[in-house]
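Colleague: One-letter residues, chain by chain:
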Amino acid sequence: MNWIDIGHIEDIPVRGARVVKTPAGCVAVFRTTPDQVYAVSDRCPHKGGPLSDGIVHDRKITCPLHNMVFDLETGLSQGIEEEQIATYPIRVEDGRLLLDGESVGKRSAA
Amino acid sequence: MQKLVVIGAGMASGRVLEHLKETAPDAFDITLFNAEPRGNYNRIMLSPVLSGEKTYAEIVTHDDDWYGQHGITCRFGEKVLSVDRDRKVVIGEKGEVPYDKLIFGTGSSPFIIPLPGHDKQGVVAYRDLEDTNAMVEASGKPGARAVVIGGGLLGLEAAAGLRLRGMEVTVLHIATHLMERQLDEAAGYLLKKDLEKRGIKVILQAQTQEITGGDQAEAVHLADGTVLPCNIVVMAVGIRPAVQLAKDCGLTVNRAIEVDAQMQTSDPDVYAVGECVEYMGNLFGLVAPLYDQAKVLAKTLLGDADAFRMKELSTKLKVTGCDLFSAGDFAEGEGREDIVFRDPGRGIYKRLVIQDDQLIGAVMYGDTADGNWFFGLIKDGTDVSEMRDNLIFGPAFQGRAQADPMAAVAALPPEAEICGCNGVCKGDIVAAIEAGAGDLGAIRATTKASASCGTCTGLVEQVLSVTLGDDFVLPTSQPVCGCTDLTHEDVRRLIKAQELKSQPAVWQELGWKTPNGCHVCRPAVNYYLLADWPLEYQDDLQSRFVNERNHANIQKDGTFSVMPRMWGGITTPDELRAIADAADKYKVPTVKVTGGQRIDLLGVKKQDLTAIWYDLNQAGMVSGHAYSKGLRTVKTCVGTDHCRFGTQDSTGLGIKLEKKLWGSWTPHKVKLAVSGCPRNCAEATCKDVGIICVDSGYQVGVGGAAGMDVKETERLVDVPTEEEAIEWTTAFIQLYRENGKYLDRPYKWVAKVGLPWVKEVLSDPAERTALNERFEISQSVYRKDPWAEHAEKRAEYYQPLADLTQEAAE
Amino acid sequence: MDTAIDTPARTFIEVAEVWVPDGDKLVLGDGNYGTLDAFAEASRRESFAWGEGLPGKAWAEGRPVVLKAFDGSYFKRTEAAKEAGLTAAVAVPVFSGKVLKAVLVVFCADDDHRTGAIEVWKYSSGVMMLEDGYYGAARHFEWVSQHTHFPHGQGLPGGVWASQTPILMRDLGSGYRFIRADSAGKAGLTTGIGMPIPVPDGASYVLALLSARGTPIARRFELWDARSARVGKGEPSAILTDGICAREGALWVGETEEPRRVAAWQGLIGRVLGTGLPVVESGTPGLTAGYETLIALPIHLDGEIAHIVAWYC
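Protein chains in written order, with the numbering used here: chain A, 10 to 119; chain B, 970 to 1779; chain C, 2 to 314.
Keep in mind that the hints are not guaranteed to be accurate.
[Unchecked claim] Dumping the calculated EDC-like pairs for lysine to aspartate or glutamate here, alpha-carbon to alpha-carbon at most 20 Å: (1) B:Lys-1285 <-> C:Asp-111; (2) B:Lys-1287 <-> C:Glu-258; (3) B:Lys-1287 <-> C:Asp-226; (4) B:Lys-1762 <-> A:Asp-20; (5) A:Lys-30 <-> B:Glu-1765; (6) C:Lys-123 <-> B:Glu-1384; (7) B:Lys-972 <-> B:Glu-987; (8) B:Lys-1348 <-> C:Asp-226; (9) C:Lys-234 <-> B:Asp-1358; (10) B:Lys-990 <-> C:Asp-226; (11) C:Lys-99 <-> B:Glu-1306; (12) B:Lys-1264 <-> C:Glu-256; (13) A:Lys-56 <-> B:Asp-1526; (14) B:Lys-1287 <-> C:Glu-256; (15) B:Lys-1280 <-> C:Glu-256; (16) B:Lys-1482 <-> A:Asp-80; (17) A:Lys-69 <-> B:Glu-987; (18) A:Lys-69 <-> B:Glu-1303; (19) A:Lys-69 <-> B:Glu-1306; (20) B:Lys-1264 <-> C:Glu-259; (21) B:Lys-1280 <-> C:Glu-259; (22) A:Lys-115 <-> B:Asp-1772.
[Claimed, not checked] Some chain B residues near chain C, calculated using beta-carbon distances under 10 Å: (23) Gly-1290; (24) Phe-1310; (25) Gly-1314; (26) Arg-1315; (27) Pro-1383; (28) Ala-1385.
[As the list claims (entries may be wrong)] Chain A stretches covered by chain B per the calculated footprint, using a threshold of three residues with CB under 8 Å from any CB of chain B: (29) 11 to 19; (30) 28 to 34; (31) 43 to 52; (32) 57 to 67; (33) 76 to 83.
Note that these hints are calculated values from the structure, not bench results.
Backbone N, C-alpha and C define an ideal beta-carbon position, used for all residues, glycine too.
Please construct the entire structure, taking both the sequences and the accompanying hints into account.
Modeller: Printed below as a string of structure tokens:
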């Protein structure tokens, strides 16, 4: 693991999201509650909608384009046709957001 | 006999002395220092002393007799100046005392926010008997006011006590709900409601700026300009371990005095216990772990092996009649599952958090009977997979109890207004049912409830069902979503009847089955709240769909379209130049003239939105709200200014209407048009509101459509003057705002409630005036350019949080 | 043991009795008449229809009733009461929803020499106002109380109303500096207990008993919480949440200890839990040591016994 500081948790509104540009593409960082965050691919596999612009409810995200709902933990979609989005390790330490660099295709700094 | 010196006569050190005296009464020659001029009392029971429900005498743990009987030398009211560890003496104000073993029980001091004015008289902390007495003293003056800063345990206990003493009390809390460290937002909502019922005012997200007055504190000022006059200010924002003495004598101190599991400090002859202790990075404030520490320390001193272990903690609030319980970790998180139970009628909320088949957290309000049982499951890490389904009903559970879908209606008080049109309360309907009215028709005939617009039909049926039980078969209706069994109409009506003014209030009082709604109900509830309570409720951006949140229309490729407002379809060369410049600067691939008489810039990247808005703002243009469930455009023809057929100034009226209505949120989008003559060049007869100018005045038509359905407007009224045309239009839109179902266009809403009803309401001049006034109140909040606001205050949210691609390319 | 407190003090309440519905009448259940045998006998012969006499009036009007003069009133036992020296009475109906469970009636005597207060407060237009009260010799305090009202959450009546739970207050005279407290202190009133009295029409009543040192209403007070939301959903039981006793001191326990708990039918409080009716007992072996009499009053809320208020002399 190669934890990269990408910002402060307060930079994201509760039940909102922000985007991080990475070599693996845009990653959406969601803040579902005051102290819980998730990082998943920002791209909806259905028609490429930006998930970071969707509505967060419970631990799920609804795509802004066609209302596909994804579980932020597993990346799995709800409904009959199962789709999955990539999820990335992220953690919060003293309010700082740490994203696993390796998982988003960033080589270790060491 | 070994000499033991104890600094601080608090609850933890007191418990150490009790253990020592029970097990080995003669092991130590004990000297006890205390800066307060008294011995050990049950500090956590100060709140009932403040409220008058206990006396100080009742909370004394050790009185003079006790210390005397146990041969403890008391040096009360004497400060310890320093500790000389080389010579092993404690130096008090009245002289030295040698020790073989020393205990620090110095506790903690309240944290005082260094606000301007914090040092005035009348600003007190809430920590000891002196503070309590100062508060009791302040409450003596009739009509005295208190401001309590801090909505945690201590602050709320102080507020309740002062209120019972007869003060006017306001609680200021910086977070979005009370006791946010112990409660989630639903429980925090119920607590706030409970306190407000006691006449305590609670201000959340309060930014305290300064305390003003002469020598004496006289008022607290908030950042938003609110001034709260007061006779006393209670600061209850937290505590800091009291560690100066320990630091000065060279013990290892981090945030507090560091100890090992035997409560030993960095000096093997010196121990520490209680709130002044740091163990493995943790500080302690609740009483249970302090007593555990005391037990371990007593054993250590007597040479018995024991070790302190961290345990899960539970919280209760000592305010008579507020029953809450929280334990463990109840934040949402990865792999965690919630079980939610709400009973709106009895003000009950329970939530359990399960992870890996174990209960890890519980928060409960109103029903805390099973708190200790849940707490036991949490502490023991019991596997709950077998009992998961019925877990929330507790150990005495018999047969599966279903959450009652009618609980919200059953819970309504008799005076709650069910039918807004005819002012019929629940009590009237129940009385009619008890007098024999057994179905909807009979209720309508006898009470007029649901006999006008019919929106409350569902609620009337539920009252029938609640009152008659199985004798009434409830017709099935479409609920808002899976989070509730109520329909949109029910939710709207109940928000008004019960005066629900926040989303947590709706979730709790209407028995939502999920912790915080879903993408279907949240935007609807958000709209209903802001439409009904424009001044009290704050619009929640996170409950809006993408277009409304970003104030631009998302396109199929994830880019956005930007459309500035052109009032009544009128523009200028300068505006056109600014639009052209912006299109160049931000490489806008498509520029299109729309059907709404304005210009659309398509294909703008999200991160460019705030910049392009800023540029357009500079040229005097504002958002066209082409994305909102709100007023879109007012389409016009050129009217009498240029047209040889024009009968009135249709362009002028269009501009006036657009300037009045813009920025308002509505259940669905609203489009208007004004045509200058019956030739109808502005296509006014297929709009939500369409006005046709004629020689004798203005024909106002409503409920047109030209989308999936095509429908001609129906005539609402003919009026002779422009003012009246504006007044009627505004009143119609406000009526729609107040009554329409979310995502119903006006034509659908009019079809449901019936045009005759709309006409009947609006033909009453007093009603029209009232609707116009309510619209203006709402517009005082919402008639503003979101672009300017976002460009200024929220610009960062449109940018990536971080860019990891550039570094990688190195 | 402090012998002074064991000297039987003259108490504020002279007689207590419980009337229970039997068909369309109220008949005598428990009663403690002390040495007033003739009045006891007269009461045993009596029964009250709906609206009849003091108990029937409390039943019919669905509210606590204070009666300060028997002569010329609806009171039925005037002669017997006069002979017994009784001068005033308070009837407290116990309702569970719309159903009357019982009426507790207490009698006082010797108005000019005994101090205390039995007050009925009613919520109207946003505040608790004194509806009626009996104060014995505490005339000034009576006058002050008539001219005082309590907003939500303030004072004993406002606090009980807002929390819908009984509240026991100490040192009425010393801590509360506002005007009623001042007068309470002068009248020698020390301990106050307030409780919600639910009635069928949903109006909010609070009954307050204020006890003075010389002629106490009781020397031991207990508040029991019996709500299933607090004590669990199994067999009915109650926990002792607060109390004070002239002999034992404070009756509450700290946060880390378990409060005393009784189950239905266990002891006298258990009998209240089991029957849902008030209990008036005297000289029974089951009574807490050192006390002659017990009055225990259940408060029914949401279809269950929510609280029990008990006082001992």
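Colleague: When the hints from earlier in the document are held up against this structure, which numbers fail?
Modeller: 1, 8, 10, 11, 17, 24, 28
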